[in-house]
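Listed in order, the protein sequences are those of chains A and B.
According to our numbering, the first sequence is numbered sequentially starting from 46.
According to our numbering, the second sequence is numbered sequentially starting from 408.
Read the hints as simulated data drawn from the structure, not as lab findings.
Any given hint could be a false lead.
[Claimed, not checked] Derived Cβ-Cβ restraints for the label pairs, each shown as a range: (1) A:Gln-59 <-> B:Thr-493: 33 to 39 Å; (2) B:Gln-504 <-> A:Lys-116: 33 to 39 Å; (3) A:Thr-65 <-> B:Lys-464: 34 to 40 Å; (4) A:Gln-59 <-> B:Asp-461: 48 to 54 Å.
[Claimed, not checked] Rough simulated footprint, nothing fancy, chain A against chain B, three-plus residues with beta-carbon under 8 Å: (5) 427-433; (6) 437-448; (7) 509-518.
Note that the Cβ used here is the ideal one computed from N, Cα and C, for glycine as well.
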Amino acid sequence: SQKIEQNSEALNIQEGKTATLTCNYTNYSPAYLQWYRQDPGRGPVFLLLIRENEKEKRKERLKVTFDTTLKQSLFHITASQPADSATYLCALDGGSQGNLIFGKGTKLSVKP
Amino acid sequence: DGGITQSPKYLFRKEGQNVTLSCEQNLNHDAMYWYRQDPGQGLRLIYYSQIVNDFQKGDIAEGYSVSREKKESFPLTVTSAQKNPTAFYLCASSPGQGGRQFFGPGTRLTVL
Numbered sequence: 046s047q048k049i050e051q052n053s054e055a056l057n058i059q060e061g062k063t064a065t066l067t068c069n070y071t072n073y074s075p076a077y078l079q080w081y082r083q084d085p086g087r088g089p090v091f092l093l094l095i096r097e098n099e100k101e102k103r104k105e106r107l108k109v110t111f112d113t114t115l116k117q118s119l120f121h122i123t124a125s126q127p128a129d130s131a132t133y134l135c136a137l138d139g140g141s142q143g144n145l146i147f148g149k150g151t152k153l154s155v156k157p
Numbered sequence: 408d409g410g411i412t413q414s415p416k417y418l419f420r421k422e423g424q425n426v427t428l429s430c431e432q433n434l435n436h437d438a439m440y441w442y443r444q445d446p447g448q449g450l451r452l453i454y455y456s457q458i459v460n461d462f463q464k465g466d467i468a469e470g471y472s473v474s475r476e477k478k479e480s481f482p483l484t485v486t487s488a489q490k491n492p493t494a495f496y497l498c499a500s501s502p503g504q505g506g507r508q509f510f511g512p513g514t515r516l517t518v519l
């Protein structure tokens with residue numbers, strides 16, 4: 046069955062630095078991959094979607110890469126701010142049923 | 408103002424009681440989903456519905472039931488058969504199969 050792993054449970058960085066979060070998957074070739082942000086006690090909020098034929102996608106300070114050979118996606122936040130502190134979830138498409146398979150998330154803390 | 412609403416935000420029930428969580432959307436989305444989130448865990452799919460009057464079991468459907476009588480509404484009942492119901496429950500919707508999902512604010516259920 047499909048397996049998705051976000052390598053770090055927690056990541057602590059200094060304000061202004063670039064945060065890089067990793068999402069790896071096995072036993073599957075997803076058509077697309079998504080990233081969500083979740084604040085404590087709230088529902089996830091969609092950030093970016095990248096398709097299998099796209100190598101990279103950007104949105105303001107966010108950048109996502111998708112390497113189907115390595116079966117890995119990297120999520121970057123440049124010039125990080127304390128307001129970026131949250132848990133970030135990656136999700137793969139679940140195939141023909143249209144569902145998403147979520148990773149456990151990485152909790153990012155940006156220190157001033 | 409379009410979106411997804413879940414009520415109540417906090418819910419307390421005694422062990423052995425059934426409880427129904429509400430989820431309403433005014434986004435005109437066809438697909439709706441219910442997830443469960445436990446501390447340190449990713450989102451796990453309970454049930455999903457791609458169209459009115461039809462729904463399918465997700466990965467952890469045992470002890471739960473749903474209905475989809477209206478496009479806007481997808482209530483989840485946590486039955487007494489669910490062995491460990493205390494969790495954070497999230498409802499989501501999407502325009503169709505796949506693609507980004509829009510999440511509600513969640514309901515935190517505590518069974519005493």
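Structure-based check of each hint:
1. A:Gln-59 <-> B:Thr-493: 33 to 39 Å: Roughly 37 Å apart at Cβ, these two residues keep to the hinted range, so it holds.
2. B:Gln-504 <-> A:Lys-116: 33 to 39 Å: 23 Å, violated
3. A:Thr-65 <-> B:Lys-464: 34 to 40 Å: Between Thr-65 of chain A and Lys-464 of chain B, where Cβ atoms are some 37 Å apart, the hint holds.
4. A:Gln-59 <-> B:Asp-461: 48 to 54 Å: Because 50 Å falls inside the window, the suggested range holds.
5. 427-433: violated (count 0)
6. 437-448: holds (count 5)
7. 509-518: Holds: 6 residues of the region 509-518 of chain B have a Cβ under 8 Å from chain A.
Violated hints, in rising order: 2 and 5; the structure is consistent with all others.
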